[in-house]
Amino acid sequence: MIDIAPILARFPSLAHDPAANALIVPAHLALEVARYLRDNPAYLLDYASNVTGVDYLATEKKSKVKQADGVYKEIVTKTEAGMEVVYHLYSMHLGHGPLVLKQRTSREKPVVTSLTPVYRGAEFQEREVFDLFGIHFDGHPDLRRILMWDEFKDYPMRKDYIAPDDFQYEPTPHGDVLAEAQKYYGLPEEKK
Amino acid sequence: MTNPPTPTVPIPGVHEGLRSELQKAGIFVVSTEFLYNWGRKNSIWPLGFGIACCAIEMICTAASRFDLARFGAEVFRPSPRQADLMIVAGTVTKKMAPQVVRLYNQMPEPKYVIAMGACAISGGPFKQGYNVLKGVDRYIPVDVHIPGCPPRPEALLHALITLQRKIETQRTLGSAERRNNPAYSDDSRDFPVPQYGEHDLVPAYNRDVWKARPVTRES
Numbered sequence: 203m204i205d206i207a208p209i210l211a212r213f214p215s216l217a218h219d220p221a222a223n224a225l226i227v228p229a230h231l232a233l234e235v236a237r238y239l240r241d242n243p244a245y246l247l248d249y250a251s252n253v254t255g256v257d258y259l260a261t262e263k264k265s266k267v268k269q270a271d272g273v274y275k276e277i278v279t280k281t282e283a284g285m286e287v288v289y290h291l292y293s294m295h296l297g298h299g300p301l302v303l304k305q306r307t308s309r310e311k312p313v314v315t316s317l318t319p320v321y322r323g324a325e326f327q328e329r330e331v332f333d334l335f336g337i338h339f340d341g342h343p344d345l346r347r348i349l350m351w352d353e354f355k356d357y358p359m360r361k362d363y364i365a366p367d368d369f370q371y372e373p374t375p376h377g378d379v380l381a382e383a384q385k386y387y388g389l390p391e392e393k394k
Numbered sequence: 047m048t049n050p051p052t053p054t055v056p057i058p059g060v061h062e063g064l065r066s067e068l069q070k071a072g073i074f075v076v077s078t079e080f081l082y083n084w085g086r087k088n089s090i091w092p093l094g095f096g097i098a099c100c101a102i103e104m105i106c107t108a109a110s111r112f113d114l115a116r117f118g119a120e121v122f123r124p125s126p127r128q129a130d131l132m133i134v135a136g137t138v139t140k141k142m143a144p145q146v147v148r149l150y151n152q153m154p155e156p157k158y159v160i161a162m163g164a165c166a167i168s169g170g171p172f173k174q175g176y177n178v179l180k181g182v183d184r185y186i187p188v189d190v191h192i193p194g195c196p197p198r199p200e201a202l203l204h205a206l207i208t209l210q211r212k213i214e215t216q217r218t219l220g221s222a223e224r225r226n227n228p229a230y231s232d233d234s235r236d237f238p239v240p241q242y243g244e245h246d247l248v249p250a251y252n253r254d255v256w257k258a259r260p261v262t263r264e265s
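Protein chains in written order, with the numbering used here: chain D, 203 to 394; chain X, 47 to 265.
It is worth saying that the hints were derived from the structure and are not from the lab. These figures come from a predicted structure and were not determined experimentally. Every residue, glycine too, gets a C-beta built ideally from N, C-alpha and C. Incorrect hints may appear among the rest.
Said to hold, decoys possible - Subject to a maximum C-alpha distance of 20 Å in a straight line, what follows is the list of computed EDC-like cross-link-like pairs (lysine to aspartate or glutamate):
(1) X:K141 with D:E382
(2) X:K257 with D:D367
(3) X:K173 with D:E382
To be verified - Calculated from the model, a selection of chain D residues having no Cβ within reach of chain X, i.e. all distances over 12 Å:
(4) F213
(5) E234
(6) T254
(7) G284
(8) M294
(9) S308
(10) R309
(11) R322
(12) K355
(13) M359
(14) Y363
(15) I364
(16) A365
Unchecked claim - Short derived list, chain X residues pointing at chain D, Cβ under 7 Å:
(17) K141
(18) Y176
(19) D246
Can you make the complete structure from the sequences, with help from the hints?
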């Protein structure tokens, strides 16, 4: 496990995500932080193993928590909607990692800074995130769709994506598929 | 399993007893159509064309252990112009579907299609996804479907033998369902190649080839 406290001390504007032990980098600092992590002899994180996107819808969760006086109190926890790009960085030289780097952005206008100038191997993975999540990468040399065709307009990995309506009959539907099957075919008739 | 050319179908105008006597002397009286189909079914040339893991089973079928050559179908052709049979061995993604249809269009008649594996016949485990075709029979006519994930080489051999049975009963002009299929109209024998649309392939399926089946449920 890489000790990230010195990095946080070096860049005070970074945030820390304790759940993933991740650094949350603001977009304008991303390149500088990535260069620092790659070139600093203490880290030498020279390998961006994984780049992925995450889509969060706004959530509201109610839970009951027992207070000190024994009374249960309802607590509402809200999370904001947003999108994230997650980088997993490893060091081939020092054999340590991963260090998790995150960039956060909004769902309405998702723009982050591309780390391809620092990690050449991130190019295709950032294109994949662009293709499936619609997150734009500032400074990417060749930001095009990579898996879906160029004419495709949607972003399939987003939570609010609606797949094309080409449902076909299944013999043993269950769950969401059963609900969809009933929309098309009605309730299954019992055999007499 | 390949049959010797023993004519079992009676030929109009030829006395069966005489035919039988001649056969004992090593003279076979058969129709041209029989000979033609016998040659055709025992020299099916598949298109060397694999799009996912089922292709590994197809390659295995062609190799020494299962030896597709026993059935005369070992000549995998690298060009659709020389192929009779397209074995759709694997997942057909929507991005790949136009190319599959185009390859099929480039094959000369008479041509046949084996849809190999769960993905090619229905979308398989990717059926609920957004990017996989829910069966290649939405765009091209399939002669034999093989279920399995992936099917065993024996299953592919069985499909090939099933196809041979189908070929030997066909008229030389092609089967009636093929000739009467509007997809085979004389104007153009090309199947429409789907276009990349903004949300899905356009059209989502070829109406002349595929129809959503009515459901008969058994509980």
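Structure-based check of each hint:
1. This hinted pair does not check out: K141 (chain X) and E382 (chain D) have alpha carbons roughly 25 Å apart, beyond 20 Å.
2. At roughly 15 Å between alpha-carbon atoms, K257 (chain X) and D367 (chain D) fall within 20 Å of each other, so this suggested pair holds.
3. A distance of roughly 13 Å separates the Cα atoms of K173 (chain X) and E382 (chain D); the hinted pair therefore holds under the 20 Å criterion.
4. The beta carbon of F213 (chain D) sits about 39 Å from the closest Cβ of chain X, which is more than 12 Å, so the claim that it is off the interface holds.
5. With a minimum CB-CB distance of about 37 Å to chain X, E234 (chain D) clears the 12 Å threshold, and the non-interface call stands.
6. The Cβ of T254 (chain D) sits about 18 Å from the closest Cβ of chain X, beyond the 12 Å cut-off, so the non-interface label holds.
7. Residue-level check passed: G284 (chain D) sits 23 Å from the nearest beta carbon of chain X, beyond 12 Å.
8. Chain X leaves M294 (chain D) outside its interface by the beta-carbon criterion, the shortest separation being 31 Å against a cut-off of 12 Å.
9. For S308 (chain D), the requirement that its beta carbon stay farther than 12 Å from each beta carbon of chain X is met, with the minimum near 24 Å.
10. Distance to chain X confirms R309 (chain D) as a non-interface residue, since its nearest Cβ pair spans about 19 Å, more than 12 Å.
11. Remark: the non-interface label on R322 (chain D) is consistent with the geometry, its nearest Cβ contact in chain X lying 26 Å away (cut-off 12 Å).
12. Here K355 (chain D) does not stay apart from chain X, with its beta-carbon only about 4 Å from theirs, under the 12 Å limit.
13. At the 12 Å boundary, the C-beta of M359 (chain D) falls inside the reach of chain X, the nearest C-beta of that chain being 10 Å off.
14. Not every CB of chain X is more than 12 Å from the CB of Y363 (chain D) (nearest about 7 Å), against its label as outside the interface.
15. At the 12 Å boundary, the C-beta of I364 (chain D) falls inside the reach of chain X, the nearest C-beta of that chain being 9 Å off.
16. A Cβ of chain X approaches the Cβ of A365 (chain D) within 12 Å, the least distance being about 4 Å, so the stated non-interface status is violated.
17. A distance limit of 7 Å between C-beta atoms decides the matter here; for K141 (chain X) the minimum to chain D is near 6 Å, and the interface restraint holds.
18. Hint status for Y176 (chain X): holds, given a least beta-carbon distance of 4 Å to chain D, under 7 Å.
19. Contact between D246 (chain X) and chain D, as hinted, is supported at the beta carbon level, the nearest pair being about 4 Å apart and thus within 7 Å.
This entry does not satisfy hints 1, 12, 13, 14, 15, 16, going by the numbered hints stated previously.
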